[in-house]
Amino acid sequence: MTVLSGGHTIGQARCDGFRNRIYNKTNFATTRRGSCPASGGDGNLAPLDSSPNRFDNAYFSALVGGNSFFRSSSPGKRF
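Once you know that position 69 of the sequence shown is 69 in full-length UniProt numbering, the rest is easy, because the numbers rise by one and skip nothing.
Because the hints were derived from the structure by calculation, they are not lab data. Accuracy of the hints is not assured; some may be wrong.
Unchecked claim - Distance ranges between label pairs, derived from CB positions:
| # | residue 1 | residue 2 | range |
| --- | --- | --- | --- |
| 1 | R21 | N57 | 19 to 25 Å |
| 2 | P37 | L4 | 29 to 35 Å |
| 3 | V64 | T31 | 16 to 22 Å |
| 4 | F55 | G17 | 16 to 22 Å |
| 5 | G65 | L4 | 18 to 24 Å |
| 6 | V64 | D42 | 27 to 33 Å |
| 7 | N57 | T31 | 18 to 24 Å |
| 8 | G40 | S61 | 29 to 35 Å |
| 9 | V64 | N24 | 15 to 21 Å |
| 10 | T30 | V64 | 17 to 23 Å |
| 11 | G65 | G40 | 28 to 34 Å |
| 12 | A38 | I10 | 25 to 31 Å |
| 13 | G43 | V64 | 26 to 32 Å |
| 14 | P37 | N57 | 27 to 33 Å |
Because the structure is a prediction, the values reported are computed rather than measured. Just so you know, even glycine gets a beta-carbon here, dropped at the ideal spot from N, CA and C.
Construct the complete structure from the given sequences, taking the supplied hints into account.
Rendered as structure tokens:
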């Protein structure tokens, strides 16, 4: 699962795939709202982490910090 999840360190996501999460958060999500309006712009793209063209641990750092488009959970802790 870690390797499959880590594949998200490279690439971008369409606005319609994450809009519902960025308008429910106040942290990192505010930076994504500029390219993904509350309505419309479904095809707009946004990077999945701070280094979308590099395979590194930025995705995992964001995920653990609760600053990711995606959710992950572990026993006793929900992100």
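Hint check results:
1. A hinted range of 19 to 25 Å for the beta carbons of R21 and N57 is consistent with their spacing of about 21 Å.
2. The supplied range of 29 to 35 Å is met by P37 and L4, whose beta-carbon atoms lie about 30 Å from each other.
3. Checked against the hint of 16 to 22 Å, the pair V64 and T31 passes, with Cβ atoms roughly 18 Å apart.
4. For F55 paired with G17, a C-beta distance near 21 Å keeps the hint of 16 to 22 Å intact.
5. Against the hinted window of 18 to 24 Å, the Cβ-Cβ separation of G65 and L4 comes to about 20 Å, which satisfies the hint.
6. Separation of V64 from D42 is about 29 Å and conforms to the stated range, judged on CB atoms against 27 to 33 Å.
7. Restraint check, N57 to T31: a C-beta distance of roughly 20 Å satisfies the suggested window 18 to 24 Å.
8. In this structure the hint that G40 and S61 lie 29 to 35 Å apart at CB holds, the actual value being about 31 Å.
9. The hinted window of 15 to 21 Å between V64 and N24 holds, with their beta carbons roughly 19 Å apart.
10. Taken as a hint, the range 17 to 23 Å holds for the pair T30 and V64, whose Cβ atoms sit roughly 20 Å apart.
11. At roughly 29 Å, the beta carbons of G65 and G40 sit within the given window of 28 to 34 Å.
12. Taken as a hint, the range 25 to 31 Å holds for the pair A38 and I10, whose Cβ atoms sit roughly 28 Å apart.
13. Hint check: G43 to V64, Cβ distance near 30 Å, so the stated range 26 to 32 Å holds.
14. Under the hint 27 to 33 Å, the C-beta atoms of P37 and N57, about 31 Å apart, fit the expected range.
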